[in-house]
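A.B. asks: So the sequence lines, in the order shown, correspond to chains F and D. If you want my numbering, it's the position in the first sequence, counting the first as 1, plus 13. If you want my numbering, it's the position in the second sequence, counting the first as 1, plus 13.
Warning: the hint list may mix true and false statements.
Treat identical chains as interchangeable: a pair holds within one or across any two.
[What the hints assert, rightly or not] No farther apart than 20 Å at their CA atoms in a straight line, the calculated lysine to any residue pairs in the SDA-like style are these:
1) 56 x 159
2) 136 x 204
3) 181 x 207
4) 174 x 139
5) 134 x 67
6) 181 x 82
7) 56 x 166
Quick caveat, the hints were computed from the structure, so don't treat them as lab data.
What follows is the residue order along each chain.
There are 2 protein chains.
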Amino acid sequence: MPAFKLVTDMPAAGVDDPIRNGVDTATLFATLDAVKQAPEAAKFQFRAHNQWQSGTHNRSTIGDYFGVGEERTHERTFVFDADHPAVLVGTDQGPTPVEFMLHALAACLTAGLANIAAARKVKLTEVRSTVTGDIDLNGILGLDADVRNGYQQITVRFAIKGDAPAEKLGELLEQSRARSAVYDVITNGVPVTVEVDTP
Amino acid sequence: MPAFKLVTDMPAAGVDDPIRNGVDTATLFATLDAVKQAPEAAKFQFRAHNQWQSGTHNRSTIGDYFGVGEERTHERTFVFDADHPAVLVGTDQGPTPVEFMLHALAACLTAGLANIAAARKVKLTEVRSTVTGDIDLNGILGLDADVRNGYQQITVRFAIKGDAPAEKLGELLEQSRARSAVYDVITNGVPVTVEVDTP
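Work out the full structure: start from the sequences and follow the hints.
C.D. replies: Shown next as structure tokens:
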């Protein structure tokens, strides 16, 4: 169970045990130092490869990426289906594309929170969140020119428990928000180029 | 195999067969008409529920949503893990949060393309896409104040085959882009509220 190797209690470890919240803070700080010395190492390219299945059902594979100067692969290739539910004329083989965005936002804020808490010596015991996104489909259906296609508002509600006062836990979350890649993309937008090869 | 029920050849169907690309165009147009009559039906709220596991590893469940005037659930609850790879001090139990955004974008453009092609009587035979996102992690690492946290540029490359000329296939993709919820969110941004309950 590789996921849990870092949270195993280490009775031999001293008071300055670098493993906290499952985060190897020694490696985290070493990584920061390494990137300070070689900023080019931090240039990454992530990728998803999608194949249409039928109707609104399609499937992405996520495996290869570039980072720290070379082509890399995840330990396994991840596969995800997306679809629309029947009420949106799909077959419900997976979440809708817009639901995956909500997962991405929760995941990014939560990962950042765990890292930042570890770096600041706060032990977390529970982190839960619910992300809601309000959308009026009159936009994508082309029925109302005044309605945008995407979400009108997204709200993230966290419940956080740990060995620090509520105010401190709130500060950790605020720092995670301030350094979140997904939060930045969703709130500020990113240029997207769409190209097509039609042989 | 419910996913494929709509693409089964229907020898008894007439020349105006409403099933095309796995899209039930009769239901699609009926849904459009229904929303025209009752615009409130198009107000949806999508949700993801996330629970921290350890370190950068966390897990979302996607099941409940609101739409067409009532609380609804997907046919099953979908579960997704996110994590960082070892090179980013994680345990690679799932894609990174930013990779899920690329999947969402490909999925949204592809689902829209299939619907629009069906509505315009174009039969698609193959749709593949690769989405790439360039990101400089000096931003989220806090090492360079001039570098943003999120992607700097996202590129989507489609390969589309069907029974229409290349120009027409390109027009269908352009219409999908113009009506994509995820494309809108990623290019234009959405307000996000982050709240915390720290008992």
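A.B. asks: With identical chains, the pair residue 174 and residue 139 could be close in the same copy or across copies; at 20 Å between alpha carbons, which is it: within, between, both, or neither?
C.D. replies: within (5 Å within a copy, 48 Å between copies)
A.B. asks: 20 Å Cα cut-off: does residue 181 pair with residue 82 within a copy, between copies, both or neither?
C.D. replies: So residue 181 and residue 82 fail the 20 Å test inside a copy (37 Å) and across (40 Å) alike.
A.B. asks: Measure nothing new, just compare the shortest in-copy and cross-copy C-alpha distances for residue 136 and residue 204 to 20 Å and report within, between, both or neither.
C.D. replies: For residue 136 and residue 204, the Cα distance exceeds 20 Å both inside one copy (38 Å) and across copies (30 Å).
A.B. asks: Between the shortest in-copy and the shortest cross-copy C-alpha distance, which are at most 20 Å for residue 56 and residue 159: within, between, both, or neither?
C.D. replies: Answer is between; shortest inter-copy Cα gap is 14 Å, intra-copy 39 Å.
A.B. asks: With identical chains, the pair residue 134 and residue 67 could be close in the same copy or across copies; at 20 Å between alpha carbons, which is it: within, between, both, or neither?
C.D. replies: Answer is between; shortest inter-copy Cα gap is 15 Å, intra-copy 49 Å.
A.B. asks: Have a look at residue 181 and residue 207 and pick one of within, between, both or neither, based on CA distance no larger than 20 Å.
C.D. replies: between (43 Å within a copy, 16 Å between copies)
A.B. asks: Is it within, between, both, or neither for residue 56 and residue 166, if the alpha carbons may be no more than 20 Å apart?
C.D. replies: Between copies, since 12 Å is at most 20 Å while 31 Å is not.
Hint compliance for this structure: hints 2 and 6 are broken, all remaining hints hold.
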